[in-house]
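A.B. asks: Start from chain A and add chain B according to the hints.
If you want the building blocks of each chain, they are given just below.
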Amino acid sequence: MRRAALAIAAVLAACAAVGCSSAKKTSDAATTGGRHELIGLFRLTPGAVSGTKITGSWFRMLQPGGNATTGPYMINADSPADGGQATLLQPGASGGLRTGGYQSQPTPAFDGGGNSLAGAITAPTKFFGVKFSVSTNETDLQTKSKVAPPTVVDNKGKLTADLSSWAASWNNQNFNQGAPKPVSNTQAQAPGQEQAERAWDWVSQKWLEAAPKSTVRGGGATGTYDAKTGTFTLEWTSHIDGGPFNGFTGLWHLEGTFEASGRAPAGA
Amino acid sequence: MLASEVPSEPLVVLDLPPAPPVTRAVAAPVGRPKAPAVALLALGAVLVVGPIVGGLFSKVASGKQMIDRFAPHMEADALARYRTDLATMRQAVGAVDTIYEQQSVAAGRFPGLDAYRAQAGAIDRRASTLLDRVSRAEPDYRRTAAIGGLDRIPFLVVLYGMAAIYGACVLLFGGRRRARSAVALVVLASVALAVYPFVSDLNRGTRAGQRMLHSFASFMTHGEVRQLQDDFVVLVTAVGELDTGFRAVPQTGPPADDVAAVVDGWPRISSDLASLVGTINDNIGNFNALGDLDTLTRSVGVSGLQGFPWLLVGAGVLGAALSVAALPRRRKET
Chain A
835 MRRAALAIAA VLAACAAVGC SSAKKTSDAA TTGGRHELIG LFRLTPGAVS GTKITGSWFR
895 MLQPGGNATT GPYMINADSP ADGGQATLLQ PGASGGLRTG GYQSQPTPAF DGGGNSLAGA
955 ITAPTKFFGV KFSVSTNETD LQTKSKVAPP TVVDNKGKLT ADLSSWAASW NNQNFNQGAP
1015 KPVSNTQAQA PGQEQAERAW DWVSQKWLEA APKSTVRGGG ATGTYDAKTG TFTLEWTSHI
1075 DGGPFNGFTG LWHLEGTFEA SGRAPAGA
Chain B
2 MLASEVPSEP LVVLDLPPAP PVTRAVAAPV GRPKAPAVAL LALGAVLVVG PIVGGLFSKV
62 ASGKQMIDRF APHMEADALA RYRTDLATMR QAVGAVDTIY EQQSVAAGRF PGLDAYRAQA
122 GAIDRRASTL LDRVSRAEPD YRRTAAIGGL DRIPFLVVLY GMAAIYGACV LLFGGRRRAR
182 SAVALVVLAS VALAVYPFVS DLNRGTRAGQ RMLHSFASFM THGEVRQLQD DFVVLVTAVG
242 ELDTGFRAVP QTGPPADDVA AVVDGWPRIS SDLASLVGTI NDNIGNFNAL GDLDTLTRSV
302 GVSGLQGFPW LLVGAGVLGA ALSVAALPRR RKET
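Protein chains in written order, with the working numbering: chain A, 835 to 1102; chain B, 2 to 335.
Just chain A, with the same shape it has in the complex (with noise of 0.2 Å):
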């Protein structure tokens, strides 16, 4: 009797532990060794020009073989910052960029003048007489490839970010600008191609113990994150591969004030 008693107890107290780790690793999703996931809204503020000074978010379009520091610049004749290198930018119906879900893409994405109706992160703004806008998607629209959903976590007021599915839309055109960058899915494939990678993949990494490929490259958005007014910056670079732009590169910047919600249900 008292064995089983024992035995009950140690059941108990092991299921109590396996319970405690679970809770734990629950609360700590968001918090990490001091890394903290900001999951909610990046409300924007507006893009602003006063004399040369630009506040807010904006974007620049750098020529192929440029600096990102000097340039040259696409010189965007509807934008009047810093003589049309820098295309102002406006928080869209959503108010910015939600991390933890996505914002994607509408059907139809254009209308038939080719202007983005995309307008939940940014407003569609003019950009060489057409609109362009910006939405983030499960499969990125240039790529072809599954990406994360934008992900920004704070470390002491440091942001590193994954902004892999943010794509500018344009003139009937799709371009990934996002950081890292989302490993292209668009190369021509015989028929069962791809069933049979996928089977092969399985395979490898169930048997083979092979890492599983990655999905993206390069590094993510950087910024700044004041954790008592809720203020930020991100900033990145995003380097065209593919399409009529080819070889060259948005400069993004964003800022604005961060506020906490819930995480976006899945495929939102």
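Since the hints were made in silico from the structure, they are not lab data. All values reported here derive from a predicted model rather than from experimental measurement. Possibly wrong hints are sitting among the right ones.
[Claimed, not checked] 20 Å max Cα-Cα, derived DMTMM-like pairs, lysine to aspartate or glutamate:
| hint | chain 1 | residue 1 | chain 2 | residue 2 |
| --- | --- | --- | --- | --- |
| 1 | A | LYS960 | B | ASP273 |
| 2 | A | LYS980 | A | ASP1075 |
| 3 | A | LYS960 | B | ASP265 |
| 4 | A | LYS978 | B | ASP69 |
| 5 | A | LYS990 | A | ASP1060 |
| 6 | A | LYS1047 | A | GLU1028 |
| 7 | A | LYS960 | B | ASP244 |
C.D. replies: Showing chain B alone in chain A's frame:
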């Protein structure tokens, strides 16, 4: 008196002649011609391994992808629209020159327009040349695109190779009955392989494909894409000035209409140009892969694409002949 008591007569001893030996007809020996069976085995192995080692699957898939992606640009209305775009740009630059002259616009006031006016002739020539080449390649493109099941041809070759290997193995090591059915299978597969180029229009299609490659070669390069991008930068900057600062310059009559036409049409023009440049850029790799396929047999003086259908016909005829020659048969009595 009991019957058993009747005295029995002794048995008569028969003296029979010895029986003649039983003889059976001796079957003629069955011959298994080894050489054709081994040759069939080798042919099968080459047809299975060759496409895999030579990257035929990926090269053909690349060609198919390039053809599919160019489809929207090869439509007659798309080509006509590109010509209209060029005409609109051409008229606009003439109009801008007129307005500059009429209004004595100083050089340097609109640097983007100045650059465009200086380069307009060269940009127009390059764009027209590109469009001419694309248009000229259109009939060959159509014939190439009409090849049925282009990306499945390597599978056909490998499957045929496997059938040949199976048939050869049965002919070398299997029973006589199975040998007949194996030969039937190989002959059937051979006919399918040899006939396929004619049924799928592969013969005409690959000749057209070779000419299409030749036509595309002049613009399917990174240098061409870079040049088109440079031209695009000049154009967008100029149109941007036309749509903003240049509006302050008084404009009347036909020149004003021509300037308005290019500004209003710019979303369509830039979309067409961006789409075409993007398609060229994204298919340079596919074009090169198809080019590799064509140069595969260049060392023996034959275009790979042109020779390909005849390779299938030749392999089919050879396989059928070898399998029939390898069929086990009785040797004639001497």
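A.B. asks: Confirm or reject each hint.
C.D. replies: Structure-based check of all given hints:
Proposed proximity of LYS960 of chain A and ASP273 of chain B is supported: the alpha carbons are some 18 Å apart, at most 20 Å. Our distance criterion of 20 Å between C-alpha atoms is met by LYS980 of chain A and ASP1075 of chain A, whose separation comes to about 17 Å. Distance hint between LYS960 of chain A and ASP265 of chain B is fulfilled; the C-alpha atoms sit about 14 Å from each other, no more than 20 Å. Proposed proximity of LYS978 of chain A and ASP69 of chain B is supported: the alpha carbons are some 17 Å apart, at most 20 Å.
Using a Cα cut-off of 20 Å, the hinted pair LYS990 of chain A and ASP1060 of chain A holds, with the two alpha carbons roughly 9 Å apart. Pair hint LYS1047 of chain A plus GLU1028 of chain A holds up; C-alpha atoms about 14 Å apart against a cutoff of 20 Å. About 12 Å separates the Cα atoms of LYS960 of chain A and ASP244 of chain B, which keeps this hinted pair within 20 Å; it holds.
Of the numbered hints given earlier, the model fails none.
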